[in-house]
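Required output: the full structure, derived from the provided sequences and hints.
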Amino acid sequence: MLKLIAEDFISEDKIEVVLPFYKELVEKTRNEVGCISYELHQDLKNVGHFIFVEEWVNREALDTHVQSEHFQRLVPQIDKYKVQDGRFTHMSKLDY
Numbered sequence: 001m002l003k004l005i006a007e008d009f010i011s012e013d014k015i016e017v018v019l020p021f022y023k024e025l026v027e028k029t030r031n032e033v034g035c036i037s038y039e040l041h042q043d044l045k046n047v048g049h050f051i052f053v054e055e056w057v058n059r060e061a062l063d064t065h066v067q068s069e070h071f072q073r074l075v076p077q078i079d080k081y082k083v084q085d086g087r088f089t090h091m092s093k094l095d096y
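Note that UniProt numbering gives residue 46 to position 46 of the sequence shown, counting from 1, and the numbers run on in steps of one.
Since the hints were derived computationally from the structure, they do not count as laboratory data. Keep in mind the model is a prediction, meaning the values are calculated, not measured. Be aware that one or more of the hints could be misleading.
[Stated by the list, open to error] Straight-line C-alpha distance at most 25 Å; calculated SDA-like pairs for lysine to any residue: (1) K80 x V33; (2) K28 x G48; (3) K14 x C35; (4) K93 x K14; (5) K28 x D63; (6) K14 x P76.
Here it is as structure tokens:
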């Protein structure tokens with residue numbers, strides 16, 4: 001299993017433009033094979049900071065997601081309004 005934290009930094013005056021893109025991305029991604037969980041959160045202190053918390057069965061499922069039609073179409077539209085580069089943290093659960 002693979003967990004991913006993906007962070008976007010969007011211009012605050014463009015949030016309303018980006019929200020429909022995010023909505024479609026979340027809806028379509030949740031239906032992908034290999035997607036366990038795909039949640040989008042908004043920072044309460046910095047409203048232009050969006051955080052995806054994703055869980056995938058494996059790296060192959062994540063790679064397939066990145067190549068999907070909706071990802072390839074929507075992410076460039078979202079990125080037009082970013083104020084800094086996104087951050088991506090790939091994680092695996094530690095078992096004690």
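inquiry  = Holds or violated: K14 and P76, Cα atoms, limit 25 Å.
reply    = At roughly 14 Å apart (the allowed maximum being 25 Å), P76 and K14 satisfy the hint.
message = Please verify whether K28 and G48 have alpha carbons no more than 25 Å apart.
response = holds (22 Å)
query = Given the hinted pair K14 and C35, is their alpha-carbon gap at most 25 Å?
reply = With Cα atoms ~28 Å apart, K14 and C35 exceed 25 Å; violated.
request  = For the pair we were handed, K28 and D63, check the Cα-Cα distance against 25 Å.
outcome  = holds (15 Å)
message = Would the hint linking K80 and V33 be met if the CA-CA limit is 25 Å?
response = Answer violated: K80 to V33 is near 28 Å, above 25 Å.
task = Would you check the hint for K93 and K14, treating anything up to 25 Å between C-alpha atoms as holding?
result = violated (35 Å)
This entry does not satisfy hints 1, 3, 4, going by the numbered hints stated previously.
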